[in-house]
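For the protein sequence lines, the chains are S and X, in the order given.
For the first sequence, this note's numbering assigns the number 60 to the initial residue and increments by one for each residue that follows.
For the second sequence, this note's numbering assigns the number 60 to the initial residue and increments by one for each residue that follows.
Be aware that a few hints might be false.
[As the list claims (entries may be wrong)] Here are some chain S residues pointing at chain X (derived, C-beta under 10 Å):
1) A79
2) G100
3) S105
4) N131
5) V180
6) N182
7) I200
8) V221
9) L232
10) D236
Derived from the structure by calculation, the hints contain no laboratory data.
Cβ atoms here follow ideal geometry from the backbone N, Cα and C, with glycine treated the same way.
Number of protein chains: 2
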Amino acid sequence: MSTTIKLEKKVLSENDKLAAEIRESLQKNKIAALNFVSSPGSGKTSLLEKTLQTLRNQMKIAMVAGDVQTENDANRLIAAGGERIKPLVTGGSCHLDAKMVSKVLPDIDMNDLDLFIIENVGNLVCPSGYDLGEDMKVVLISVTEGDDKPLKYPGMFRRSSVMVINKIDMLALCDFDMDTVKKNALQINGDLKIFELSCRTGEGLDTWFAWLKSLVAEKKASA
Amino acid sequence: MSTTIKLEKKVLSENDKLAAEIRESLQKNKIAALNFVSSPGSGKTSLLEKTLQTLRNQMKIAMVAGDVQTENDANRLIAAGGERIKPLVTGGSCHLDAKMVSKVLPDIDMNDLDLFIIENVGNLVCPSGYDLGEDMKVVLISVTEGDDKPLKYPGMFRRSSVMVINKIDMLALCDFDMDTVKKNALQINGDLKIFELSCRTGEGLDTWFAWLKSLVAEKKASA
Chain S
60 MSTTIKLEKK VLSENDKLAA EIRESLQKNK IAALNFVSSP GSGKTSLLEK TLQTLRNQMK
120 IAMVAGDVQT ENDANRLIAA GGERIKPLVT GGSCHLDAKM VSKVLPDIDM NDLDLFIIEN
180 VGNLVCPSGY DLGEDMKVVL ISVTEGDDKP LKYPGMFRRS SVMVINKIDM LALCDFDMDT
240 VKKNALQING DLKIFELSCR TGEGLDTWFA WLKSLVAEKK ASA
Chain X
60 MSTTIKLEKK VLSENDKLAA EIRESLQKNK IAALNFVSSP GSGKTSLLEK TLQTLRNQMK
120 IAMVAGDVQT ENDANRLIAA GGERIKPLVT GGSCHLDAKM VSKVLPDIDM NDLDLFIIEN
180 VGNLVCPSGY DLGEDMKVVL ISVTEGDDKP LKYPGMFRRS SVMVINKIDM LALCDFDMDT
240 VKKNALQING DLKIFELSCR TGEGLDTWFA WLKSLVAEKK ASA
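Just chain S, with the same shape it has in the complex:
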């Protein structure tokens, strides 16, 4: 058992070293970087499609679309107008790590880039433990999943800076209380910034886009 733990620590410290290199390179070029995490089917790709459709003429965006299998998500992002999109198929691994990301980075045009988004594998547990060099993790939760998820999967909500509550158009059909989910999430992480939106109806997306723009502006203005 101690061998397992030692090995895990070694793997994680190697990951952290690589993540720091990625972060330094993004920072040097003043590129804002987000790591999108959630359960399968919470709407990561849908939100990124909407983001590309609305913001691609206002800023330069690159995305890495992680999946266990298929390049479906990357193809959806390209169809949504994304020009700097790379699929990252793990072939079985339940999360992305910094090594995988650093391998695809040379294939992405970072020239004049404003925003770099990594869409992680759909998994509310394992990706929480891996720094990919991002500025912050954005955790999505859809109202169909239940308002208890922050308490049941605390690691992910603790390590994220932003929580997006998606599919709010389905609220009436779900046993999901908005105040409860916020209370549960803030109990785990009092610093969480929270967005409520629906990729299907478009409700709440304007606030999300405005925040992304302010994030990019802040990064450009940073020392």
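Following the hints, complete the assembly by docking chain X onto the known chain S.
Only chain X this time, still in chain S's reference frame:
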């Protein structure tokens, strides 16, 4: 890297040995055993609540409710009338393993038991690799998650015998095609038995209950 692989193989072979012991003990007592797997929020606990409410007077049922944190699910199952319910909090681990299950088994009354159900951690990747001594894995998918999930998380659908499509009352609100999800799932695993149901409206539950009863009857009649 080879150290990691060797260690993983050793951990898995130890798991398989323990799982075989669990299976033998369940088999000897003619107890049907299912391992429920899915993304977080697909409705594993909801389906188990409905199952207890309807079948608890017709057969003896025990359940282990696995979660990363909280005993919420176990409490819901007890409130639904379950008398032999044990929580299994992993404290961080993204899946249950046979060692965890064998540790809680002595606390469960197996006397005259007909059906033993393990509710795994909500995770569509990692639990697929761990045999818990069950007769079969039952994978749930809700229509809100999208019809591409079997292709994107093939390991889980390959290693499951049954696929339950839940939340069919929400079909009209989702970009989810029933024929497509079945085609995708059967492409990964042609032997999958498929149920369509809604825990919210009750549609399709009768077929599910009838199948569970036939499963238990077959087990009792087995050599």
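message = So, as I understand it, the hint says S105(S) touches chain X; can you test that by seeing if any CB pair is closer than 10 Å?
response = holds, 9 Å
inquiry  = Checking hints one by one. Is I200(S) an interface residue toward chain X, by the C-beta closer than 10 Å rule?
reply    = holds, 8 Å
query = Does the interface hint hold: is V180(S) within less than 10 Å of chain X, judged Cβ to Cβ?
reply = Holds: closest Cβ of chain X sits about 7 Å from V180(S), inside 10 Å.
query = Does the interface hint hold: is L232(S) within less than 10 Å of chain X, judged Cβ to Cβ?
reply = holds, 6 Å
request  = For the hint on A79(S), just tell me whether its beta-carbon gets within less than 10 Å of chain X.
outcome  = Because about 21 Å separates A79(S) from the closest Cβ in chain X, which is outside the 10 Å limit, the hint is violated.
query = Does the interface hint hold: is N131(S) within less than 10 Å of chain X, judged Cβ to Cβ?
reply = This hint holds: N131(S) lies near chain X, its Cβ roughly 6 Å from the closest one there, short of 10 Å.
Hint check: 10 Å Cβ-Cβ cutoff, N182(S) to chain X = Status holds, d = 6 Å.
ask   = Taking the closest Cβ pair, is G100(S) under 10 Å from chain X?
value = For G100(S), the interface hint holds, since the closest Cβ of chain X sits about 3 Å away, which is under 10 Å.
key: Hinted contact D236(S) with chain X - closest CB pair below 10 Å   = violated, 14 Å
key: Cut-off 10 Å, beta-carbon criterion: hint that V221(S) touches chain X   = violated, 18 Å
Of the hints listed earlier, those the structure fails to meet are numbers 1, 8 and 10, in rising order.
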